[in-house]
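Starting from the structure of chain A, add chain B where the hints point.
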Amino acid sequence: MLELRFHGRGGQGAVTSAELIALAAIAQGNFAQAFPSFGPERRGAPVMAFARIDQKQIRNRTAVSNPDAVIVLDPHILHVANSSDGLSKDGIQIVNTMRSADEVRKEYNLKGRLITVDANHIAEQEIGRVITNTTMLGALIRATGVVEKELLIDELKVRFGRIAEGNINAFNRAYEECCVEEG
Amino acid sequence: MAERKGMEVSIAIAEAASACDVDCIAAYPITPQTHVVEHLSEIVADGDLDAEFIPVESEHAAMSCCCGCAAAGARTFTATASQGLALMHEILFIAANLRLPMVMVVANRSLSGPISIWNDHSDVMTERDVGWIQVFAENGQEAVDLVIMGHRMSEDKRILLPLMVNFDGFILSHMVEPIEMPTREEVKRFLPDYEPQQRLDIDNPITMGPVGMPVVYTEAKMAAEWAVRDAYKPMVEIMGEFEKEFGRKYKPVETYRTDDSEILFVVMGGISETAMTWVDKVRDAGVKVGLVRFRMWRPLPVEDFKKAIAGVKVLGVLDRHFSPGGPGGPMAQEIKYMLYGQDHAPKIVETVVGLGGRDVNFIDFDQIFDRCKAVLGGAPVPPFELIQVRGGHYGKA
Chain A
1 MLELRFHGRG GQGAVTSAEL IALAAIAQGN FAQAFPSFGP ERRGAPVMAF
51 ARIDQKQIRN RTAVSNPDAV IVLDPHILHV ANSSDGLSKD GIQIVNTMRS
101 ADEVRKEYNL KGRLITVDAN HIAEQEIGRV ITNTTMLGAL IRATGVVEKE
151 LLIDELKVRF GRIAEGNINA FNRAYEECCV EEG
Chain B
184 MAERKGMEVS IAIAEAASAC DVDCIAAYPI TPQTHVVEHL SEIVADGDLD
234 AEFIPVESEH AAMSCCCGCA AAGARTFTAT ASQGLALMHE ILFIAANLRL
284 PMVMVVANRS LSGPISIWND HSDVMTERDV GWIQVFAENG QEAVDLVIMG
334 HRMSEDKRIL LPLMVNFDGF ILSHMVEPIE MPTREEVKRF LPDYEPQQRL
384 DIDNPITMGP VGMPVVYTEA KMAAEWAVRD AYKPMVEIMG EFEKEFGRKY
434 KPVETYRTDD SEILFVVMGG ISETAMTWVD KVRDAGVKVG LVRFRMWRPL
484 PVEDFKKAIA GVKVLGVLDR HFSPGGPGGP MAQEIKYMLY GQDHAPKIVE
534 TVVGLGGRDV NFIDFDQIFD RCKAVLGGAP VPPFELIQVR GGHYGKA
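As they're listed, the protein sequences go chains A and B.
Per this note's numbering, the first sequence runs over residues 1 to 183.
Per this note's numbering, the second sequence runs over residues 184 to 580.
No lab work stands behind these hints, which were simulated from the structure alone.
Hints are not guaranteed to be accurate.
[To be verified] Short derived list, chain A residues pointing at chain B, Cβ under 8 Å: (1) ALA22; (2) ILE26; (3) ALA27; (4) PHE31; (5) ALA32; (6) GLN33; (7) ALA34; (8) ARG59; (9) ASN60; (10) ILE163.
[Stated by the list, open to error] Restricting the straight-line Cα-Cα distance to at most 20 Å, the calculated cross-link-like pairs of lysine to any residue (SDA-like) are: (11) B:LYS188 x A:GLN28; (12) B:LYS188 x A:ARG99; (13) B:LYS188 x A:VAL158; (14) B:LYS464 x A:ASN66; (15) A:LYS56 x B:ASP467; (16) B:LYS519 x B:ARG466; (17) B:LYS188 x A:PHE160; (18) B:LYS188 x A:ARG59; (19) A:LYS56 x B:LYS519; (20) B:LYS188 x A:GLU150; (21) A:LYS56 x B:ARG466; (22) B:LYS188 x A:PHE31; (23) B:LYS188 x A:ARG159; (24) A:LYS56 x B:GLN324; (25) B:LYS464 x A:LEU2; (26) B:LYS188 x A:ASN66; (27) B:LYS464 x A:GLN125; (28) A:LYS157 x B:LYS519; (29) B:LYS464 x A:ASP54.
[To be verified] Pulled from the structure, derived: some chain B residues nowhere near chain A, Cβ distances all over 10 Å: (30) SER295; (31) GLU378; (32) ALA407; (33) HIS527.
By construction, the Cβ of each residue, glycine as well, lies at the ideal position given by its N, Cα and C atoms.
The following block holds chain A by itself, in its conformation from the complex:
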């Protein structure tokens, strides 16, 4: 089973990211869950979302406390959220930052292998707004290969309709442009 935890701020679409990856995984024939950290959603406040993907039925409904991959949607959330908390032994972190993996690892004492991507920049160029959820999914798919790229793009089309194109472009660019640390 692959367990994912998303860190972001209210309004950045962390919950949507978790949902899209779960929907694509289900479409691929797997079992999956996605759920928010269950709070009143306030724009700008730190939020978490969770997803689980497995080949068999998933029954555990607790919050994800030992994630295999952590997705950090907001470069500054690391000041207030401990994204390394409970990260599994071979866990990875996918961080939205314009800086190098070494720099962010040092500043925030991050654990695990890092995948970095300047998602703010990509989202601004492709979508016209700094909403990084769909962009970050590109880096997540690149790093984990957990679902087929095309299935995720199908979900983006369904979810975003006429504004899907920008999101798909941002997703594809992050897939290509993210920096994956050697394992």
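Coordinates of chain B only, in the frame set by chain A:
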């Protein structure tokens, strides 16, 4: 068989109500139920469901409206949670005692105060006496299935009672997971058009809900007792029909890996599946433990429960609500009622967990299991205890 599709459970419930071709929906939005009625209002507005959607000013009005709709002979659906269910309280008795079929889903949530929007069972457990049929779902698929079965049960001429489908707020309501959504045609084969026994009709006037003088009130209450108790048999029959049509099996009391267990946990609702994963884990380590879960809560399936726990030495009961200064949690109370005075009745370790959205995880199950093992080994049965309290328990701080 329908395709397995990822969807949020609340959306799936709205789709299920739509597949049941409901005629009237009167509802007021409240977290964590909101997505259910929001999506139903969209379905109606899009013209995909020919129904009256009545956006009322409160839950009191919602339930009153539902009574009116059901009395007029409409297939009626609503949804609520927490304070909303509490606000419906007085009308819930009326719906039941007028024998008005309807289905209400409750996204179980704690009651204030302190204000909490999160999940536990305090809303439904304080409505045990209203005379409704009450069933619990443990995952999204079950919530969908129970809505469909619920209409058939509620409208069955042998039952004719309102029915409450409980599904945990957030833990289930906001979960995206795979669901097999039956089509409207499939549902129609299982759920025939509603033919009311009696209905308000200006050409053939009748009175519903007149005053019950002392000379008839007791008899009316006796009739209510029979109505709910006698619902058991047709409900089981309908679960069987559902299995034939859709292939998924439901029982009044569900069990999980109970064979050879001296200790069983009794759970209900959304934490059941997490408890199953815990059982799998400890059973793999050679420890014999299993689960008993109430699917049907009203009518209380006494004989099924007794059968499920036969021969067991200790029951660990995990309640999600309790009565302050009273006899502890509702499940434990009712289990004691079922077992009192029986030879070889198991000892009962009562715990209250998962209040107001507190995550219930393997550490909690381990802790409760340790208490059960101590009692199995001869330790005195402890009084009911709130697990997960920071800074110690009552009397032990």
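Which of the numbered hints above does this structure break? Result: hints 10, 12, 16, 19, 26, 27, 28 break, sorted rising.
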